[in-house]
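Q: If you want the building blocks of each chain, they are given just below.
There are 4 protein chains.
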Amino acid sequence: MAGKSVENSTDQMSDEQLLALESKYCSYGDTVHYAKHLNIFRRAEGMYLYDTQGVEYVDLQMWYSAANFGFANKRLNDALKKQIDTLPQLTCQYLHQEKILLAAKIAQDIEKKFGVKGRVHFNVGGAQAVEDAIKVVRNHTGKIPMFAFMGGYHGRTLAATAITSSYRYREHFGHFSDRAHFVPYPYRFRCTAAKNKESCCDLSCLKPFQKLFESEYYSVLSPKNNNCEYGAFFVEPLQGTGGYIVPPQNYFKELKKTLDKHHVLFVADEVQMGMYRTGKLWSIEHFDVVPDIIIFGKSLTNGLNPLSGIWAKEELISPEVFPPGMTHSTFSSNPLGTAAGLAVMNLIEDSNLDVEVPRRGAYFLKKLKVLQKKYPQIGEVDGLGLALRIEICQKDGFTPDRELTDTIMHIGLKGGLGSGGKKRGLVLDIGGYYKNTFTLAPSLFITEEEIDLSVMLFEECLQKALAVTKSK
Amino acid sequence: MAGKSVENSTDQMSDEQLLALESKYCSYGDTVHYAKHLNIFRRAEGMYLYDTQGVEYVDLQMWYSAANFGFANKRLNDALKKQIDTLPQLTCQYLHQEKILLAAKIAQDIEKKFGVKGRVHFNVGGAQAVEDAIKVVRNHTGKIPMFAFMGGYHGRTLAATAITSSYRYREHFGHFSDRAHFVPYPYRFRCTAAKNKESCCDLSCLKPFQKLFESEYYSVLSPKNNNCEYGAFFVEPLQGTGGYIVPPQNYFKELKKTLDKHHVLFVADEVQMGMYRTGKLWSIEHFDVVPDIIIFGKSLTNGLNPLSGIWAKEELISPEVFPPGMTHSTFSSNPLGTAAGLAVMNLIEDSNLDVEVPRRGAYFLKKLKVLQKKYPQIGEVDGLGLALRIEICQKDGFTPDRELTDTIMHIGLKGGLGSGGKKRGLVLDIGGYYKNTFTLAPSLFITEEEIDLSVMLFEECLQKALAVTKSK
Amino acid sequence: MAGKSVENSTDQMSDEQLLALESKYCSYGDTVHYAKHLNIFRRAEGMYLYDTQGVEYVDLQMWYSAANFGFANKRLNDALKKQIDTLPQLTCQYLHQEKILLAAKIAQDIEKKFGVKGRVHFNVGGAQAVEDAIKVVRNHTGKIPMFAFMGGYHGRTLAATAITSSYRYREHFGHFSDRAHFVPYPYRFRCTAAKNKESCCDLSCLKPFQKLFESEYYSVLSPKNNNCEYGAFFVEPLQGTGGYIVPPQNYFKELKKTLDKHHVLFVADEVQMGMYRTGKLWSIEHFDVVPDIIIFGKSLTNGLNPLSGIWAKEELISPEVFPPGMTHSTFSSNPLGTAAGLAVMNLIEDSNLDVEVPRRGAYFLKKLKVLQKKYPQIGEVDGLGLALRIEICQKDGFTPDRELTDTIMHIGLKGGLGSGGKKRGLVLDIGGYYKNTFTLAPSLFITEEEIDLSVMLFEECLQKALAVTKSK
Amino acid sequence: MAGKSVENSTDQMSDEQLLALESKYCSYGDTVHYAKHLNIFRRAEGMYLYDTQGVEYVDLQMWYSAANFGFANKRLNDALKKQIDTLPQLTCQYLHQEKILLAAKIAQDIEKKFGVKGRVHFNVGGAQAVEDAIKVVRNHTGKIPMFAFMGGYHGRTLAATAITSSYRYREHFGHFSDRAHFVPYPYRFRCTAAKNKESCCDLSCLKPFQKLFESEYYSVLSPKNNNCEYGAFFVEPLQGTGGYIVPPQNYFKELKKTLDKHHVLFVADEVQMGMYRTGKLWSIEHFDVVPDIIIFGKSLTNGLNPLSGIWAKEELISPEVFPPGMTHSTFSSNPLGTAAGLAVMNLIEDSNLDVEVPRRGAYFLKKLKVLQKKYPQIGEVDGLGLALRIEICQKDGFTPDRELTDTIMHIGLKGGLGSGGKKRGLVLDIGGYYKNTFTLAPSLFITEEEIDLSVMLFEECLQKALAVTKSK
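Residue numbers (the numbering used here), protein chains in the order written: chain A, 203 to 674; chain B, 203 to 674; chain C, 203 to 674; chain D, 203 to 674.
Chain A on its own, in the form it takes in the complex (with noise of 0.2 Å):
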């Protein structure tokens, strides 16, 4: 095999050789490569990351929030590794113990919470637990047409592409006979329909879909026997791509009611701001509505496995409406999989995050606010529990200033920070409707320290940035 040497040259490999046979045997079609500088990162700990040369990196996204709980947690590892040492291995068709123990956890949880029964169908990957979704509310409503948020993201799979907002996503892939009708989100920062935004958001910018619902001629529904074209609406209760977004309190409520009257599915994807992100453990919480289906993935195993599901109302998904063969995968609740979202479910338990984490959250915010004051191209900071967001614009502190995003983060990302011994790097995630949002999402076990010391190298980061770009 060509590879021999690659093979046993394996732990002393140089950033350099990687780089080049990276360029030569690796697709650039996934993410990587909007970097125009790649960082290869050789450790994990915590909410540090380390490059080969030892530089130490403060992660304010956590892998876009599926490591919640701190890279290489002890407990959680641990739990992984008996998994291994037991039983690493099972065919799906068959069952295990920590698949049914985690399931009946969500599933109770949710009981407990909303006061409704379901049960929980896993997979892999956010977008196949996406597609499940969809699978159940084509099953139960007989509609393809789903409604979704201009500035949400689902997913890639084609499916999920299709009420994934970005026409970018789609461009290339042809026709899209699913696309969802995309309905406006409501970004209170750059809102255009409120009279009077400061004081309080009166839900303007519901009324126009609320309409849609009077006439038969406004597209989506039969008057004549309430039918309505459309099966369900996904929502991110806070939009992850989209920004880290706080919706106004009451938006959710009043669009279930619209969607309620007609008949359609409330389906809420927590793969990003589920696992107490927002302080709870799912963000639909935060917003007195109970839905109909909920999506999670990314942190309910804390990255240690791509392990994903939903939990659907029993009226959904109970088996005689959802019978055997409906859908599946090989790894859908892979023995590591379950093995680790049950110690993450444990964990949760012995921890105190319903309050850790609004804590955490203000005091970071409360930071970054004395921060917003300094600087006027910080537009907007906001955030909920400790999904955290900054909005840089130009100095009339609104218009957006995608060049000064990118380039605080490319200062980060240089690993050259701090002006005392330690060179240190800062990770952050850039989202956003015009590309000029941090979308934070730090480890959940963050300390005060630990928000003081990225607040402060975010600053540099920023002060940085200002001196080489012009800002306007």
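Honestly, the hints are just simulated from the structure, not real lab data. The structure displayed is predicted, hence computed values, not measured ones. We treat Cβ as the ideally placed atom computed from N, Cα and C, and that holds for glycine. Check before you lean on any hint, since a few could be wrong.
Claimed, not checked - Pairs of lysine-lysine residues, derived as DSSO-like cross-links and limited to a Cα-Cα distance of at most 27 Å, are as follows:
1. B:409 / D:409
2. A:637 / C:597
3. B:409 / D:413
4. D:575 / D:666
5. C:276 / D:284
6. C:672 / A:426
7. A:283 / B:345
8. A:409 / C:597
9. C:637 / B:345
Stated by the list, open to error - Not close to chain A: a few residues of chain C, all C-beta gaps over 10 Å, as computed:
10. 219
11. 310
12. 380
13. 403
14. 418
15. 465
16. 516
17. 527
18. 571
19. 575
Put chains B, C and D on the given structure of chain A with help from the hints.
A: Chains B, C and D in isolation, oriented as in the chain A frame:
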């Protein structure tokens, strides 16, 4: 949390307690409840599974070929643990060594064997890799419709279901606008096309497909400009779920000629038959054909992680035509998965599977042929490497006997086999067009003694099943 | 043949006999049975219909604007008869003079008015011309999704239904993979967007559409390459079924700017509003916009033949890009249809409709405004040329009153109007988002006396309806 | 208007002037420009067309069978004129006698012949009737995919194109999400399936279709619940464009058995082969099958109006299941069309076509067989009633010779035939899978002398063509 009591009793939950929870909280929509009696397993090692009572089951399907290298393979498990201890998590936007080395190994090996350059793109779950292959095809050809085989299986996301033949997988989910055109697979045991099937295969079954390209009236080609309506042909070289059928030697070579003539891509889905199941890394290597895209998954990590991926020819996937952001998933090249995959590739290099798998397969097949002579109900045994098939029929040796097949499987799963002291079980998988085929995928490291044991247990199941059913 | 007796009694069949046959042998799936009482008509002349009893009905809808030039117009009828006597039939593969002259007249007129060269393609039925326009758009842009207006109507073939807003037309026919994205039409009487709608229209309702192109997250554009997901915007300049709504003067001009910027074609569907209904050959002529495609039908032949067609800009339809065989139908340019169409165009040339239609329309509207002052239930009257609307409301002059509207129409159709000797009827058509709008399409040759008569009959119907309903 | 001068010169425009206008203002996208030399015709009568020079052309295709009863048939023309003088226009929302009587005649006749009750729904243009049939099928079955024949033609709206086999008609218009599954039509002359095609037809070609229903793996059926993925099979009993192929006698009977077993509807498209073309009102009458839906058009009005329609079984189209508003078009049952249709049905009743058409067809076929014996290039002649086919081949009598076929047609269209004084032309139509088949559709009133003349002219064309081409 209501589950508190559950958590505390984790280690000692009985099968009864677990099954009670399962019936309340687990979706039945996967494949668990195809069975009437549910098996719970607690431990796995080599080719054996162990249930709560410690009964040992010989597993002849190895997670549908996802654990080719044996359950709990120490070398692979250790590699995974090593990764857990160093870099268990990393945003896939950044690079790590194992991803690059694994991609390089796969691409270099293909370049060596097939003489074509290409790149690797990772994802998780076979179906998502299939979706990525579809994206590459659509992007390159601008076509949405695909050819695929009757009897083929490519996964259960919506787009993968559209190219998977069984309508049963589609019927509950509304219209599939991208449903493939399904072509008969060359199934010699039940061939109706050839005039003289015993002596030789004249590829008669391929002629109707070749004829499609003769006139515009045959619906797939515009002969004026040699423009075909279809972008690619998705091929499992040996069908998996379809019944581990070995195709005629020249079939794919001739098929590829027709496809090449009309610029239709050839996509080899190696998710089940790759990773030495048939005695070569990719099963398509047997058939003297250079595929345009190869899809892999399952045993890539020996089942330790749902890592999957595609390899595509440079012209289909070069950075120019498949630039950053074309597809992606959070876990696409997750460190634990790539580390496991790299360990598998290293293990392969250090093994002698090119020789060993054919040898073991031949021994197994020989034993099965002996059995076939004794029982008229064994209509056919066949195989390539350690992908083996046993077709269970009525006494005429031809009419499929699904009831007998089911009975054999259930007897094996009851775990009461073995005349002597030790009670054993046998795990078999049923596939095939008439659900009468045992698709055997034993561990690639199975010994001759273990083969003898397997065949003995199978014969015991068969005898017991014949006693309780009325084989016609 | 069972029908023999029917044949013999053709001339003297009574209404009762006919209705008995109708209830047995005619599909109810068209629009006849929307009515509770069925009218049978025997003769038509000018703006009058006559039933079996010889009662004269003033027809104010003129076959939904398909007989703009009066029923049984002698000049047009004679032209048709002349063609019957010479070349009544001809395979459309061969040429005849009338086809060529009609196409030339239309294209030359457009070139003169709009300054752009183009070609005409004939078909039969408005919906088939819409299909041809869709084909031209798809061929030129490579896009399947289209924009269209809420309240818009483009026909009832499946592809035309996909761009027609009412879901009621789709709900029984499964998934529409090419469903348009529907945009609110500027409906000033019920505007909710403008701050100050009485004094002026600030085109507030256009802003949400314009905003869609601002960020990729708004779902329709990939800003990187200014690639829009949608190929064209299908526009009825005044909505037909939607209620003969007259748009703000600058609306289309501003809309077109946005479309041009992103290479989205502008298709004017003039099937109902063309042929001088609004006082110009094409209604789009009022709005200072050059369409890329014009669709026409209905009054092209004054209802004597279903001939329809499209005109498209040369770059969209030149022989190079739209070569032989792209579309076609047996009757596409049938000799009787083209002869009737040519006669209509000649009649137009010899008339003074540019002046007369606005004059007659103004007189009609003035009369209606007098009526409006008397009856608070007339919420709005408006019009352009002889496309007029009367919106029937509750006493508040705003809340739609569908029951009252229906009652007025039914009273007119009963044929018992007229205080004096001669009994008369009135044929009205109901449209509008709330089914409370009379859409008036009188003969373009209506006289002032006939307008007076029409308004008088309408008032009589309204008074009688108010007497029997409880107008709130 | 720029066209003023054109108008004035209407009557005396020369061919050259017309062709100049045509090349500027007419779309080439229809079928006119398939020809290199363009024919302009001025008059039609009986089976003759006359060009500008007065040359008489024998027309053996009669507008693709749209003028079965002869051009300018006096009785039919008079009926049309009578309607012009009474009720030429009427909104299709209201009733008129001719619509009802025509529907009744058709439905009563079908009830008498087939023993099933049903209803008629009118539209304009064959394709729109096909769309209505699709709507009826979708509404009844809930299925979108359809079966249709390779070589079949059902029209050129997008939905009709999806069930028409030629990809050439689809390739420029993007993805067809409702593309039919196309099945080989029984084409005996080029049969490759039957073992012994000369002596008899064993329906071998039907077996692959029947086999599709044997296992879920064959992609169309879920055998558990006998649920087929396809809603209907759209059938031209004799293919039109496909080459006027006469199917084996029992083919449709056997096909229908399979369809009935799995609840797939049988739709007979009689647009081209109906109206006595084959010697019966509907060509399906020959084959001992009761269709679920019949589609008709073309000669229903003898080409005087594009009226078309469907008949469907009561259970598919009763008011309960197909209520008002399901489908519709402005001209759906236009008075001129229904009057012409009624006149055609009356003419049929007064004729003896059941006897005459077969007699004339037999005479014509006999003459063609004589010709076939003389010329090896006539590979096959066949026919049913007056639907006749001549397949032009190379000297081997089998290999299609498209060039020779084209040459024959062009010689006929040049109009220089006839050895004696009077110059004549011959209008032929080419169809067939290899574009080498003359599809003859002469007037149903053709006399034996006219047949003799036709055959003589055809032979002259053939001889001249053989002289200028190199027949191999």
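Q: Each hint should be assessed against the structure and marked as holding or not.
A: Right, here's what the structure says about each hint:
Distance restraint check for residue 409 of chain B and residue 409 of chain D: the Cα-Cα separation of roughly 15 Å lies within the 27 Å cut-off, and the hinted pair is therefore satisfied. With a C-alpha separation of about 52 Å, the suggested pairing of residue 637 of chain A with residue 597 of chain C is violated against the 27 Å cut-off. In summary, the hint linking residue 409 of chain B to residue 413 of chain D is supported, as the alpha carbons are separated by about 17 Å, within the 27 Å threshold. Note on residue 575 of chain D and residue 666 of chain D: the hinted pairing holds, with a Cα-Cα distance of about 18 Å set against a maximum of 27 Å.
A C-alpha spacing of about 14 Å is found between residue 276 of chain C and residue 284 of chain D, which places the hinted pair at or below 27 Å, so the restraint holds. Restraint check for residue 672 of chain C and residue 426 of chain A: the C-alpha separation of about 23 Å stays at or below 27 Å, so the hint holds. With a C-alpha separation of about 45 Å, the suggested pairing of residue 283 of chain A with residue 345 of chain B is violated against the 27 Å cut-off. With a C-alpha separation of about 26 Å, the suggested pair residue 409 of chain A and residue 597 of chain C falls inside the 27 Å cut-off, and the hint holds.
Distance hint between residue 637 of chain C and residue 345 of chain B is unfulfilled; the C-alpha atoms sit about 43 Å from each other, more than 27 Å. Every CB of chain A is more than 10 Å from the CB of residue 219 of chain C (nearest about 33 Å), matching its label as outside the interface. The beta carbon of residue 310 of chain C sits about 37 Å from the closest Cβ of chain A, which is more than 10 Å, so the claim that it is off the interface holds. Listed as outside the interface, residue 380 of chain C is inconsistent with that label: its C-beta sits roughly 7 Å from the nearest C-beta of chain A, within the 10 Å cut-off.
Under the 10 Å C-beta cut-off, the non-interface status given to residue 403 of chain C relative to chain A holds; the minimum distance is some 18 Å. Against chain A, the non-interface label of residue 418 of chain C is violated: not every CB pair exceeds 10 Å, the least being about 5 Å. No Cβ of chain A comes within 10 Å of the Cβ of residue 465 of chain C; the nearest lies about 13 Å off, and the non-interface call holds. No beta-carbon of chain A comes within 10 Å of the beta-carbon of residue 516 of chain C; the shortest separation is about 27 Å.
For residue 527 of chain C, the requirement that its beta carbon stay farther than 10 Å from each beta carbon of chain A is met, with the minimum near 23 Å. Against the 10 Å criterion, residue 571 of chain C stays outside the reach of chain A, whose nearest CB is about 26 Å from its own CB. Its beta-carbon lying about 28 Å from the closest one in chain A, residue 575 of chain C satisfies the requirement of being farther than 10 Å from that chain.
Taken one by one, the earlier hints fail for this structure at numbers 2, 7, 9, 12, 14, listed in ascending order.
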